[in-house]
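*Asks:* Each chain is listed here by its residues.
2 protein chains.
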Amino acid sequence: MNNVKTQLQSAKAGIITDEMRYVAIYEQLEPEFVRDQIARGKMIIPVNINHKHVKPIGIGSACKCKINANIGNSPTSSDLSCEIGKLKLAVKYGADAVMDLSTGNKIDEIRRAIIENSEVPIGTVPMYEAVELVDQVEDLTVDQLFDVIERHAIQGVDFITVHCGLLRKYIPLAAKRTTGIVSRGGALTARWMQKNDHENPLYVYFDRLLEICRAHDMALSLGDGLRPGSLADASDEAQFAELETLGELTMRSREAGVQVMVEGPGHVPFNQIEMNIKRQIELCDGAPFYVLGPLVTDIAAGYDHINSAIGGTMAAYSGASMLCYVTPKEHLGLPNSEDVRAGVIAHKIAAHAADIALGKPGARDRDDTLSRARYALDWEKQFELMLDPDRAKEYFQEARIDDADSTTHDTKRVCSMCGPKFCAMKTSKELDT
Amino acid sequence: MNNVKTQLQSAKAGIITDEMRYVAIYEQLEPEFVRDQIARGKMIIPVNINHKHVKPIGIGSACKCKINANIGNSPTSSDLSCEIGKLKLAVKYGADAVMDLSTGNKIDEIRRAIIENSEVPIGTVPMYEAVELVDQVEDLTVDQLFDVIERHAIQGVDFITVHCGLLRKYIPLAAKRTTGIVSRGGALTARWMQKNDHENPLYVYFDRLLEICRAHDMALSLGDGLRPGSLADASDEAQFAELETLGELTMRSREAGVQVMVEGPGHVPFNQIEMNIKRQIELCDGAPFYVLGPLVTDIAAGYDHINSAIGGTMAAYSGASMLCYVTPKEHLGLPNSEDVRAGVIAHKIAAHAADIALGKPGARDRDDTLSRARYALDWEKQFELMLDPDRAKEYFQEARIDDADSTTHDTKRVCSMCGPKFCAMKTSKELDT
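The listed protein sequences correspond, in order, to chains A and B.
Sequential numbering from 1 applies to the first sequence in our numbering.
Sequential numbering from 1001 applies to the second sequence in our numbering.
Hints in this document: simulated from the structure, not taken from any laboratory.
Watch out, some of these pointers could steer you wrong.
Unchecked claim - With a cut-off of at most 30 Å between alpha-carbon atoms, the simulated DSSO-like pairs for lysine-lysine come out as follows:
no., chain 1, residue 1, chain 2, residue 2
1, A, K195, A, K176
2, B, K1055, B, K1042
3, A, K429, B, K1169
4, A, K278, B, K1360
5, B, K1106, B, K1055
6, A, K176, B, K1360
7, A, K421, B, K1176
8, B, K1393, B, K1381
9, B, K1393, B, K1426
10, B, K1421, A, K195
11, B, K1042, B, K1360
12, B, K1088, A, K429
13, B, K1426, A, K381
14, B, K1195, A, K421
15, A, K195, B, K1429
16, B, K1012, A, K426
17, B, K1381, B, K1055
18, B, K1426, A, K176
19, B, K1088, B, K1106
20, B, K1421, B, K1381
As the list claims (entries may be wrong) - Looking from chain B toward chain A, a few residues come up when the C-beta cut is under 7 Å (computed):
no., residue
21, R1191
22, L1334
23, Y1375
24, A1392
25, Y1395
26, T1427
Using N, Cα and C, we set each Cβ at its ideal position, and we do this for glycine too.
Okay, chain A solo, but in the shape it has when bound:
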């Protein structure tokens, strides 16, 4: 064993680390408050000691809501430079964390490059690499799985998704469902357990997992292998049974000094989102909740980034700490660069809207500044403050008034929505008051 102290161990020992100070400044919180939140497991700073140049972020309900972008190739598409391109794009548009979900034969090489090139924390799902080692998932040995996990830790992965809470006894509960098990890691784990007549190794050998994590301060993201894949399956027995086990594992992680967050659904009707978050907070004692979506309808393929942003706003408003983005390609295929951009911006809107609604420190400043620039018809300043200045400029140019009559400076400054004669803001500013 080495002498590494995790952020959680330092916090418990009363130490305010550099990472905590960094987070405190960004979040406009007191350093001591940050330390206390981490000590109590309400906030995590996922920074693997082997990930050089990573900028610490705080994930927890006291922090601004974070967003994660999934990238990664498949056995049949994309390559290293393409994935690095997606990483840069995701970060440019505001991703706070990135997960590399690569599958196929270049996983190790791609992950190494992504970690090296990333200033934001990187997450992985080790099971995806583990199953590439074998023909069928059931051929995977426990040692093979843990070897992969340890390699991720040594390489500098900041957090890993592991489906430790999917117990054998929960599989029959999922069999009743409309869409069964839709988590890839969850489905593979279930198959492994059945074919090998063995309980989930990540549950049985959870202490071994904790040891690896603690040695590198790699955070755990407890995956929800039984998240609902349709509205019909939302908030069912299978989902909540697993959540209860995740609550138990959350406590064990904290005791072991390992930072932990918990993953959440999935497909959930809008009216059930708040209940889901409250239940997670209760069962997992306020551990940071990291949600995928939730999607509020099943029929929006091609537009699931919007679907997810709707559910994500409600989830964040109800207490979720990080949103995993969903792209327009969800349910259809792997995202390309444009999809990454659309997914990031959609969830940035969701997270930001929730921060404002919750009155997080300084959350609305940028909106207020932009609105003043809008009323002043100061387009350059508006563009600067927008979430995607490139896109906004492109649309503005595309729709601008460019006929023969509009050569005056003034005309150029109004957009084509109202046109120069009836610009509401111009008219409003000319009123006597």
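Start from chain A and add chain B according to the hints.
*Replies:* Just chain B now, kept in the frame of chain A:
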């Protein structure tokens, strides 16, 4: 005067019209319940007697949430065929109503063509045409304004937005704001009042307006000229002062037998949306609420359709009856066809998600059927049931697995998200249960 009975007058007289029966079937409600809702002003069916072939829709909190798409040219862009194209596209993707907001010199011609070509109710903002008659809005006479309104009624416009509630005394309240008056109709009305030293003619001569509406059963949509144009201005004195007047005018409309709905904000933080809807319901005695957005942040230009879908879901969930779409071009320029499509789908998701959350009759059936098809990996059926089958197919094809190894039928049927080897649904279905 003629013998026309408006839907409201019929309902009050205990008559169930064909339109009410039509709406009852679509909404899975009892015809007598529909009649009662209309009689009490909680639901409207905006069908102008002069609009041939219009399919009646019910707007009210007992009905499924409706969405409206704004189209219309500007003095400098688009033409008749382009606007008809937008109309067809909006309806194809699910717009329940369409507003023609044309400005410029071909307004009359475009509106006539849109009404003729439309099976969905058509709305307009007569002020936009009226101001085209004069150099400055203050030159507009009261008769000119009412002549335009009457022409719209005769042509078959099903509902009109009129800013009747913006009283002179409210203008100073808006002067304190970050973004003043951002409603074009509102700003023009304010200027007219100041320059002419006269109260709002649509308020002063409200009975004249009611007479025109009653003669053709053209519904009123009471515009919110003082809707907030930024989060900073949300829920302020100006907004709620006008809303109170709109409540008063709602009662007068109902008494006169004229169907009426009320328009709402605007830019509103997520946490204030429910309060806004409840207040409207109280002040306007449950009149159908027709909201624009609301937008939950000011910084999302280029993606305001997503921004608006987030606020719209919350608004509909809280009781709003119709969502006015916002397109990706909002704040930047007039929408093109692709923008219309994106705007419609985004708000269809919002309205549908709210219907599901509120348990509206049959609202989730399509989701459940699609989810069963999803688990069966039946792509054709999935596409059929999606909100935008064309886009979904396009994305699926773009991302599908087409390498040399994937020529088997089975491989073709999984998408590139998990790939053939680790498709979660396939794995899940193969579990022993």
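*Asks:* Quick one, are K1426/B and K176/A close enough, alpha carbons at most 30 Å?
*Replies:* Holds. K1426/B to K176/A sits at ~16 Å (cutoff 30 Å).
*Asks:* With a cut-off of 30 Å on the C-alpha distance, tell me whether K195/A and K1429/B pass.
*Replies:* Holds. K195/A to K1429/B sits at ~14 Å (cutoff 30 Å).
*Asks:* Please verify whether K1393/B and K1381/B have alpha carbons no more than 30 Å apart.
*Replies:* Holds, because 12 Å separates the two Cα atoms, which is no more than 30 Å.
*Asks:* Is the interface hint for Y1395/B satisfied, with its Cβ closer than 7 Å to some Cβ of chain A?
*Replies:* Since chain A brings a Cβ to about 4 Å from Y1395/B, closer than 7 Å, the hint holds.
*Asks:* Hinted pair, alpha-carbon criterion (30 Å max): K1393/B, K1426/B. Please report holds or violated.
*Replies:* holds, 21 Å
*Asks:* Given the hinted pair K1088/B and K429/A, is their alpha-carbon gap at most 30 Å?
*Replies:* violated, 37 Å
*Asks:* Within 30 Å, alpha carbon to alpha carbon, are K429/A and K1169/B?
*Replies:* holds, 17 Å
*Asks:* If you draw a straight line from the CA of K1421/B to the CA of K1381/B, is it 30 Å or shorter?
*Replies:* Cα-Cα ~23 Å, so holds.
*Asks:* Quick one, are K1088/B and K1106/B close enough, alpha carbons at most 30 Å?
*Replies:* holds, 19 Å
*Asks:* Verify the proposed pairing of K278/A with K1360/B, using a straight-line Cα cut of 30 Å.
*Replies:* With a Cα-Cα distance of about 25 Å, the restraint between K278/A and K1360/B holds, given a limit of 30 Å.
*Asks:* Taken at face value, is the distance from the CA of K426/A to the CA of K1012/B at most 30 Å?
*Replies:* violated, 45 Å
*Asks:* Using the nearest Cβ pair, does R1191/B come within less than 7 Å of chain A?
*Replies:* holds, 5 Å
The structure does not agree with the numbered hints 12, 13 and 16 stated previously, though it agrees with the rest.
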